[in-house]
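Please construct the entire structure, taking both the sequences and the accompanying hints into account.
Chains as they are written, first to last, in this note's numbering: chain Y, 208 to 493; chain F, 17 to 314; chain V, 69 to 422.
Please keep in mind that the hints were generated in silico from the structure rather than gathered at the bench.
Where is the CB? At the ideal position from N, CA and C, for every residue including glycine.
Wrong hints could be hidden among the right ones.
What the hints assert, rightly or not - Distance windows between CB atoms, simulated: (1) Phe472(Y) - Glu219(V): 55 to 61 Å; (2) Ala281(Y) - Gly83(V): 51 to 57 Å; (3) Ile469(Y) - Ser159(V): 52 to 58 Å; (4) Ala48(F) - Gly395(Y): 27 to 33 Å.
What the hints assert, rightly or not - Reference listing, derived: stretches of chain V covered by chain F, where coverage requires no fewer than 3 residues with Cβ under 8 Å from a Cβ of chain F: (5) 132-141; (6) 159-170; (7) 214-226.
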Amino acid sequence: MTAIDPVTMARDSHVPTHKTKKTDWLGLGIVAVLGLVVVVPLVVVAIWAFAEVWRYPSLLPQEFGLRFWNATLARPDVWGAMFLSIRLSVTVTLLSAIICLPAAYAFARLDFPGRNVLFLSFLASHAFPKFGLLVAIAGIFLNLGLISTFWGVVLIQLVGTLMMMIWIPVAAFQNVDRAMEEAARDAGAGPLRVFWSVSLPQAAPTIFAAVLLSFVGTFYETEGAWLIGAPEIRTMPVLMITFINNQIVVQYGAVLSVLLWIPSFIALMFTRRLVGSASFAKGFGV
Amino acid sequence: MTTLASPDRSIRKGGQAKRHGRGLTGLLLVSAPVMLLGWLIIYPIFNAIGRTLFVKGDAGVRFGFDSYHQFLTDGYSLSNLWLTLWVTAVCAALLMATCLPLALYLRFAKSRVAALVQGLALFPMFVPSVILAYALIRTIGPNGAVDLVLNAVGLPKINSPYLTPWGPIIGLVWDNIPLTTLMLVAGLGGVSDNAVEAARDAGARHFALLRHIILPQIGNAMLVVLSFTVLSIFSAFTLPYVLGPASPEMMGPFMQRTFSQVLDTRMAVTQAVITFIICAGFGAFYVRSIAKNREARR
Amino acid sequence: MAQLSLKNIGKSFDGTDVIRDISLDVEDGELVCLLGPSGSGKSTILRMAGGFETPDRGAILIDGQDVTRIPPEKRPTGMVFQSHALWSHMSVADNIAFGLKLRRMPRREIQEKVAGALELVGLADYGSRRVWQLSGGQQQRVAIARALVLEPKILLLDEPFASLDQHLREHLREELRDIQRRLGITTLFVTHGQDEALALADRIVVLQGGEIEQVASPDQMYRAPETRFVAGFIGSMNFLACDMRGGRSDHAVFQIEASVSDGPVELAIRPEAIVVTPSATSTARVHRTTDYGTHILVDIDLADGTRVKAMCPPATRLATGQPVSLSADRVTVFRGTEKLADVAPVEMREVAHV
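Next comes the structure, spelled out in C-alpha cells:
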C-alpha cells in the first residue's frame with residue numbers, strides 16, 4: 208500500500224522495540240500458591256487411596272496397590288450408602304425440578320400478585336444460619352415422626368435445592384430474548400408451543416447446569432442427612448464421616464474420597480461456565 | 017457445597033408481562049415451592065421461637081425465658097458461643113484478606129494465566145466438605161503430608177491444627193474461597209475499566225487507586241459478601257464437627273449433639289434461635305441489599 | 069506549548085498486528101482527529117498516547133521527551149473516555165478535584181481550579197451535584213473538565229460524544245472546539261463519525277487495518293482522497309469499473325482521457341460532480357429520486373446495470389424511468405487501492421452516450 212507518509216520524521220533512526228508480552232509473574236505466583244493449597248490435599252488423598260503400606264516418615268508409600276479398593280468395595284455398608292445416596296439425589300432432584308421449573312418460568316415471565324415479594328423471600332432464605340434452621344426443622348420433624356426416615360431426608364434436602372433450582376432457571380428464562388418468543392407467537396405458535404419450542408431449548412443449557420448442581424449438591428449434602436437421617440439413613444457423606452471419626456483403616460476414607468470425587472468432577476466440567484459467570488455470583492446478592 | 021442461592025439481575029423484563037388472567041396461573045405455578053418454603057423455612061423459625069418461649073407444663077402452657085436463661089448462665093454453652101464468634105471473625109478476616117487480592121487480580125489481569133487462576137479459585141466449590149475434611153486431616157493432621165515433607169528436609173513437625181479451632185478455620189476458609197472470590201469479582205465488575213483508567217490518568221498509583229476509587233465503589237458489595245460469609249460460617253457443621261475441638265465446640269456440632277445425643281430438643285432449638293438472633297443483623301442487611309439491588313436493576 | 073510525536077509505532081494483540089507502523093506528529097495547539105472504521109486501531113493509538121497500552125515497537129514523544137514507558141499516572145496527558153467514566157461515589161466537584169488532591173495542592177487552590185474548570189465547561193453551579201443527577205451531555209462536560217483541570221500537555225478524547233444524540237453531539241462538538249481554541253491545547257480526538265472529524269479537526273488521519281491511509285486537512289480529505297479507501301469512506305462516492313486503453317476509458321457513459329497505463333481501473337465520482345440532463349436518446353434511466361430539501365438525490369441505472377447516485381439542484385424535476393444523460397466534472401481514477409489520476413473537467417464535456 209502506498210501509505211502516504213505524513214510525517215516529517217520518517218523511518219530515519221533506529222526503531223526501539225520493547226517486549227511488552229511481559230510474563231505475568233504475579234499470576235504465576237498466585238497459581239503456584241493456590242495450586243499448592245488447593246490441589247495438594249487432594250493429591251495426598253489420591254496417593255493414600257492407592258497405598259497399601261505407608262508408614263511414617265516415608266515421603267511416599269512403601270507399597271502401592273489396589274488391595275484397599277477391593278476391601279472398601281467389598282463392604283456392604285459402602286454399597287448400601289452408595290445406592291441410598293443415588294436414590295435420594297435422584298428423588299430430590301426430580302421433585303425439585305418438577306416443582307421449581309414451572310415456578311421459575313412463572314417468576315420470569317408471568318405477572319401475578321405478590322410476585323416480587325415471593326421471589327425475594329426465596330432469595331432471603333439465605334439470611335438464616337443454615338444449621339440453626341435445620342435444627343428448628345428437626346424439632347418439627349421429631350413431632351411428625353420424620354426423623355430417621357427416607358422422606359424426612361428428602362424433604363430437608365429438597366429445601367436445600369429450592370433456591371438454586373429457582374433463581375438459576377429464572378435467570379435462564381429471563382435471558383431468553385423476548386423478541387424470539389414474540390416472533391414465534393407471530394409465526395402462529397400458542398403459548399405452550401412457544402415455551403416448548405423456543406423458551407425451553409434456549410434456557411436448557413443453564414437449566415441443565417442447575418439440575419446437575421443440585422444433584423451433586425444433594426449427593427454431598429451432609430448436615431441435613433446427618434441431623435435428620437441418623438441413625439437409620441446413612442448416605443455416602445455420612446458414612447464417610449463415621450469412617451473418619453472411627454479412624455478405622457485410613458485407606459477406606461481415601462478410596463471413598465476418590466470415588467466420591469467423580470460426580471463432582473463431572474459437575475465441574477459441565478457447570479464451570481455457569482458458575483464462573485458474573486450473574487451466578489450476582490445471584491448471591493452482590 | 018453451598019446450594020442455597022439468590023436473585024438474578026434482570027427481573028425487569030418480567031414487569032412488562034401482560035395481565036390477561038395470568039395472575040392465577042402464575043400463583044398456581046409457584047404455589048408448590050412457596051408452600052414448601054412456608055412450611056420448612058418460615059414456619060420452623062416461628063415454631064422454634066414459640067417452642068422455646070412457651071412450655072407445656074402440668075398447669076397448661078406457661079410463658080418463660082427459662083431455656084434462654086439456662087443457656088446464658090451455662091459456662092460451657094457460653095464458651096461454645098464465644099468460640100464460634102471468634103472462629104467466624106477470624107475466618108471472615110482471613111477470607112477478605114485472601115479473596116480481595118485474588119478478586120482484584122481476576123478483575124484486572126489481562127494475561128492468560130488469569131483463566132488458570134480462576135479455575136483454581138473455583139475448584140474448592142466442587143470439593144464436598146467431607147472430602148475436604150478428610151484431605152486436610154491427611155495433609156496437616158498429625159503425621160500428615162506436611163509433616164512428612166518437613167521431616168524429610170530435617171525440620172520439626174508442625175503443631176497440627178487438627179482438633180484445634182484452627183482446623184475448622186483452615187477448612188472453612190478453603191471451602192469459602194470460591195464463592196467469596198466470585199462475589200467480590202462480581203462487585204468489582206461494577207467498577208469500569210475506564211473509571212480506573214481515568215483515575216490513573218489523574219495521577220493515582222496503586223494504593224490511591226484502591227483506596228479512593230475501587231474500595232468506595234465496592235463498599236456495599238463487600239458488606240454483602242461479609243454478611244453472606246458470616247451467615248454461612250457461623251452455623252457451619254461438617255468441618256467444625258470433623259476438624260474442630262471437642263470441647264469447647266462450635267455451635268453447629270453443639271446443636272447437633274444437643275439434639276441427637278442429649279436428646280434435649282428444646283435446648284437445641286434454643287441454641288438455634290440464639291444463632292438466629294446473633295446473625296439477625298447480618299441477615300437483615302443481606303436481605304435489604306438483595307432487595308435494593310433488585311430495585312436498582314429494574 | 070506541547071507537541072506529540074508517534075514514531076514508527078507498532079502493536080500486536082495475540083499475535084495479530086493491530087497497529088502496523090504508524091508515525092504521526094501533532095503540532096502545538098493542533099486538533100487532530102483519528103478517523104476510521106471499528107477495528108482500524110484508532111482507539112489503540114489514543115490509548116498508547118495516554119499510556120494505557122504500551123507499543124511493541126516504536127516510541128512516543130511529548131515535547132521531544134520519550135514517554136513510551138511512562139505509566140498514565142505520570143504522563144502529562146488527560147483523557148476523556150467514551151463512557152465518561154466519572155466516579156459515581158464522588159460529587160461532581162470531587163471528581164474534578166481528585167487529581168489535584170493527589171498532587172497535595174492546597175485546598176484553597178483546588179477550590180479555585182475546580183470552579184474555573186466547571187465554569188469553562190458551562191457547569192458553574194453543578195459542583196455539589198451527584199454524578200448520576202446529571203444528563204449525559206453534562207456528564208461528558210464534567211469528564212472534559214476533569215481532564216483539563218490537571219492542565220495536561222496533551223488532551224486525548226476517545227469518541228467522547230458517541231453515546232449522545234445527534235443534536236447534543238453537534239452542540240458539544242462546537243463547545244469543545246471553542247475550549248480547545250481558547251486554551252490552545254494540543255488535542256488528539258478519536259471518532260468514527262466523519263462529520264465529527266470534518267467539523268472539528270485541523271487535520272484528519274484516516275486509519276484502516278492499523279495503517280494510516282491519509283493525513284490531510286478536512287477539505288483536502290474530501291476533495292482529494294489519495295486512496296480508494298478514503299474515497300469510499302469519506303462522503304459518498306460512485307465507483308465505476310472499466311478499462312483504460314491508450315489513455316482513454318472504455319466506460320459507456322464516462323469516457324475520460326488520462327495518461328494512465330492500460331488495464332482495469334475504477335472511476336470515482338462524487339454524486340455532486342455528476343450533472344444529469346434529460347435526454348430521450350440515452351439508455352441511462354432514473355430509478356428513483358429522493359428529495360432532501362437542500363438537494364435531490366437521483367439514483368440512475370446505467371445500461372450495464374450499475375447504479376449511480378447523482379446530486380441535483382432542488383429544482384430538478386425527473387420522473388422515474390425517464391432517460392437521462394450524465395456527465396461528470398471531476399473524476400478520480402483508481403487502480404486497486406492506488407490513485408492514478410485526477411481528471412479535470414475539460415475533457416469531459418459532451419460525452420453523452422447514444
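| field | Structure versus earlier hints - violations, ascending order | value | Per hint list: zero violations.
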